[in-house]
Amino acid sequence: MTVNGRTQVVDVEPRLLLVELLRERLRLTGTHVGCDTSQCGACTVWVDGKSVKSCAMLAVEAAGTAVTTIEDLARLARLARLADTAPAASPVAGSSTAAAQAVALHPMQAAFHACHGLQCGFCTPGMVMSATELVRRNPRPTEDEVRHGLEGNLCRCTGYHNIVRAVLEAAAAMRAAGEAGSTDDPAGIPAPAARAAGLGGAA
Amino acid sequence: MTAAAGRHHPQGMGASVARREDRRFLLGKGRYTDDIQLPWQSWAVFVRSPHAHAAIRGIDASRALAAPGVLAVLTGDDVAADGLGGIPCGWQIKNKDGSNMVEPPHPALAQGKVRHAGDPVAMVIAETRDEAKEAAKLVEVDYQPLPAVANLRDATGNSHSPAALVWDEAPGNVCFDWHLGDAAATDAAFAGAHRVVGIDVVNNRTAPNAIEPRAANGHFDPVDDRYTLYTTSQNPHLTRLLLGAFTLKVPEHKLRVVAPDVGGGFGSKIFHYAEELLVLWASRRVGRPVKWTAERSESFLSDAHGRDHTSHAELALDGSGKFLALRVRTLANLGAYLSTFAPAVPTYLYATLLSGPYAIPAIYAEVKAIFTHTVPVDAVRGAGRPEASYLLERLLDKAARETGVDRVELRRRNFIRPDQFPYQTAVALQYDTGDYDATLDLALAAIDYPRLAERKAAARARGKLRGFGISTYIEACGIAPSALVGALGARAGLYEAATVRVHPTGSVTVFTGTHSHGQGHETTFAQLVAEQLGVPFESIEVVHGDTDRIPFGMGTYGSRSAAVGGSAIVKAMDKIVDKGRKIAAHLLEASVADVEFSGGSFRVAGTDREKTFAEVAFAAYVPHNYPIETVEPGLEDSAFYDPKNFTFPAGCHIVEVEVDPETGVVEVVDVAIADDVGVIINPMIVDGQAHGGLAHGIGQALYEECVYDAAGQLLSGSFMSYCMPRAADLPMFRVGNHSTPCTHNPIGVKGVGEVGAIGVPPAVINAVIDALEPLGVTDIDMPATPEKVWRAIRQAGASGGGR
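Protein sequences appear in the order of chains A and B. Per my numbering, the first sequence starts with residue 402, numbered consecutively. Per my numbering, the second sequence starts with residue 653, numbered consecutively.
What the hints contain is simulated information worked out from the structure, not anything from laboratory work. Any given hint could be a false lead.
[Claimed, not checked] From the structure, some residues in chain A lie toward chain B, with a derived Cβ separation under 8 Å: (1) Arg407; (2) Cys436; (3) Ala443; (4) Met458; (5) Glu462; (6) Ala475; (7) Leu506; (8) His514; (9) Ala515; (10) Pro526; (11) His549; (12) Thr559; (13) Val565.
[As the list claims (entries may be wrong)] Here are the in silico distance ranges between beta carbons for each label pair: (14) Leu1104/B with Glu544/A: 21 to 27 Å; (15) Lys451/A with Ala707/B: 36 to 42 Å; (16) Thr408/A with Pro1275/B: 54 to 60 Å; (17) Ala1110/B with Glu462/A: 39 to 45 Å; (18) Val1359/B with Glu544/A: 31 to 37 Å; (19) Arg1143/B with Pro415/A: 50 to 56 Å; (20) Glu462/A with Arg683/B: 27 to 33 Å; (21) Thr438/A with Val848/B: 29 to 35 Å; (22) Lys789/B with Arg426/A: 21 to 27 Å.
[Said to hold, decoys possible] The list that follows gives simulated cross-link-like pairs (lysine to any residue, SDA-like), each with its CA atoms no further than 20 Å apart: (23) Lys681/B with Arg416/A; (24) Lys1296/B with Asp1226/B; (25) Lys1440/B with Val1359/B; (26) Lys974/B with Asp1071/B; (27) Lys1296/B with Arg416/A; (28) Lys789/B with Arg407/A; (29) Lys785/B with Pro542/A; (30) Lys785/B with Pro415/A; (31) Lys785/B with Arg426/A; (32) Lys681/B with Arg476/A; (33) Lys785/B with Arg407/A; (34) Lys1116/B with Lys785/B; (35) Lys1234/B with Leu427/A; (36) Lys681/B with Arg479/A; (37) Lys1234/B with Pro1156/B; (38) Lys681/B with Pro415/A; (39) Lys681/B with Arg426/A.
Backbone N, C-alpha and C fix where the C-beta goes; we use that ideal spot for every residue, glycine too.
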């Protein structure tokens, strides 16, 4: 399999969950575990470009696939030349804008930052992965479609208000960047970038 | 400090600065407790009681000990043999007769008996999480099940069946029988009342459900004989204090408690939990770091729950609709053990708020706190204050219906007027400031109250019943004046501490005793510093959550961080500016009295002679040309700030719902609120806090409930059965503010973290009842689930109510 563009060859116990592989074996701790019944969505990652709750998938089921986690979203955006068109991280936060330029965020991440779509940050990785895939499938979601599209992700801090605003704002930025609605490849990013990201062929 | 006067700094007071903590979270680089993996890490899994009440006849760990990877199996006997202390309670309540509450022991692992489903019985430590989990299944506990009481009704018994006792030393399962207010004055007012309106309400039990489950990673280092605990805590110093003085019994200089990134708290991570003590103790026993992370179903059985009151209240009114007196009787469920702040919640955080924003001349409240065989109950977002506002605002709506006075007008008529501040209530508190008409007017305008009838008619045409619900609430936060709470039974001070370190080149590190787990202190506290010291926002760092780095602190809860923690930072900065003026006076060859400080410069009044803050900082650390005889080198100061009073955020929350009479489904279609949270540091963050509280409050009102069966099994013990509000359940929120600055802290802030959870639940239920009134429904309890609403409609129809 590939994880975030890098080939990974790992021996796993049959019962190991994908999220356990990511967190405990590969030390990709950005993907979180918030429940034990696949309800909260904090563990959402992409498998071949589709949102998957990684606590509900065995690691062995991911053999041969391309897995993308929150840690790689900004890099994918850069590869896809999306970052150039990302909105300024914040109209007022000089430091944040400067920092954002240092390592550009994906438009969805930038919109979560600008709209205050996160507080404690624990649900955020899953929320961002779900939301990004949602906009790739549906480039012009209505507020209602965003709310229903995020039903698999729980947040206790924000009341979802600013998350929904962020997704609507990011959708506009992703449309402008040509990412929204993109189905070029399994991960939904333009083919050359996908190859560069190692998403073209799985190990 | 003159922060309230106007913004001096582009990233200072009043600016919606985007949060600096976002970046690490958005990139997956947050560092939460479960992310921390120590060298030679081992894992703990707890064996928990499946019974609500049982005697432990024996524990056989031999099969577990023989299982692969197992390092140890520890039980209550080991806890006792090693002399670990029980989990202490941080607040002692006195009974009406002056005697102390019943305070039973709370061993870290059960000894002799288990008292709720989920009570920890044994701890299995193994090389891996899976091995610990497998071995935990092999621990054989011989239980003798005993009768259990799982709710207030059963626990208080009746003439037919005396209740099973949770504690032999608590007859009738009563922990305390407490009261507040003037019974005689209240009785006299009721005797002369034109009308009395009564109500019975249930405040449903909820689970806090921060999305990050609790976790703890303990490490004993034999080289320096020191313990380090990484834990999901809202107050690492408090945890250290309790570990040091009561449970682990190790001096505090040998203890380090780190609360790294914490994924939400909502009260549940205030308390010192057994698992924190046990991983440290076990680490010493097995010679390895020991980590435990709760699974969600374990969280439901081990995180303190919230609310769980039943109350009867009566309001006495005169002929003009003015309130004369209020009488309240409440039963409060405390669960099986006393959690850290449990006794304070249904007493001093509840009954003291029963005056709401209203002038009520006489109030008498009686609270009986009851033990049950359930998970301990303690503070959850709002803690006591939501129970007070829910009771009062439900009662007011009922009074409006019974007297025929419009519900908005009835509230307005009884508000404490702005010219009455400071206002002494009949239940101990003195409100410093407020303007309740202003927030009411704002919210009414936002919802477009005059056109309510049109919206109702339009809904009817669609087959829906539209309801309007209002709540004008007050809360007390910014806790708390230490001497006052000490006199009321608190066993801790509730000040806050800060250190401000100015570095030689003028950058600043702030060490705060509060803890940010979503509130954005790394941003807002930096705004405070930018505003007051005039240094660039980028040059300020805020450090929290590590007892080795921060001198002291009481942590974050009760909407106290800005009001108390922020004030401590301001006080420390005042000292720095004072010292800076002396240094600048020397450099500028002026008298100290002539040196002014503003916008990051020390200036000789009336001249253009100045030294920048950075120049003065440099001089303090390179004291060549320096008043060395009178001023020490260096530029760093600390402050402890003890608040003079609580702060009193207040406001108006309005909700409109549409009910489908066929299915009973309630949809929240509009929410407009106006809060007075005092001076606002960061409007974006304040709005975000309000949004989160609203979702939490709407969750309690419509969806959430910890349901126990009669035998004490938690039926809603996972996200499958406990309904959390999701994005599609909620609308956009319209949030407005009208600020009257707090009069007694240097920033003027009041607090915002809990307002939504306090104000909105009664507005939701009042709206549901308003919607159903045409069908004859006059009462409904939280959560107003479709089933409950549907049954209420059917019942009202059957009894011939409505049209």
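Given hint Arg476/A paired with Lys681/B - CA-CA distance at most 20 Å: Between Lys681/B and Arg476/A the Cα gap is close to 14 Å, so the pair holds against 20 Å.
Given hint Leu506/A near chain B, where the shortest CB pair must fall under 8 Å: 6 Å, holds
Range hint 54 to 60 Å (beta carbons of Thr408/A and Pro1275/B) holds or violated: 59 Å, holds
Status of the hint placing Ala443/A at chain B (closest C-beta pair under 8 Å): Hint on Ala443/A: holds, closest Cβ of chain B at ~6 Å, below 8 Å.
Hint check: 8 Å Cβ-Cβ cutoff, His514/A to chain B: 5 Å, holds
Proposed proximity, Arg407/A with Lys785/B (alpha carbon, max 20 Å): At roughly 32 Å apart (the allowed maximum being 20 Å), Arg407/A and Lys785/B break the hint.
Chain B contact restraint for Ala515/A - C-beta distance below 8 Å: Since the shortest Cβ distance to chain B is 6 Å, the answer is holds.
Whether the CB-CB distance between Arg1143/B and Pro415/A falls inside 50 to 56 Å: For Pro415/A against Arg1143/B, whose Cβ atoms are near 52 Å apart, the range 50 to 56 Å holds.
Satisfaction of hint between Lys785/B and Lys1116/B, Cα-Cα up to 20 Å: Judged against 20 Å, a Cα distance of about 50 Å means the pair is violated.
Consistency of beta-carbon spacing, Arg426/A to Lys789/B, with hint 21 to 27 Å: 24 Å, holds
Holds or violated: Lys789/B to Arg407/A, with C-alpha atoms at most 20 Å apart: 38 Å, violated
Lys681/B paired with Arg479/A [C-alpha distance capped at 20 Å]: 18 Å, holds
In the structure shown, a violation is registered for the earlier hints numbered 1, 4, 5, 15, 17, 21, 23, 27, 28, 29, 33, 34, 35, 38, in ascending order.
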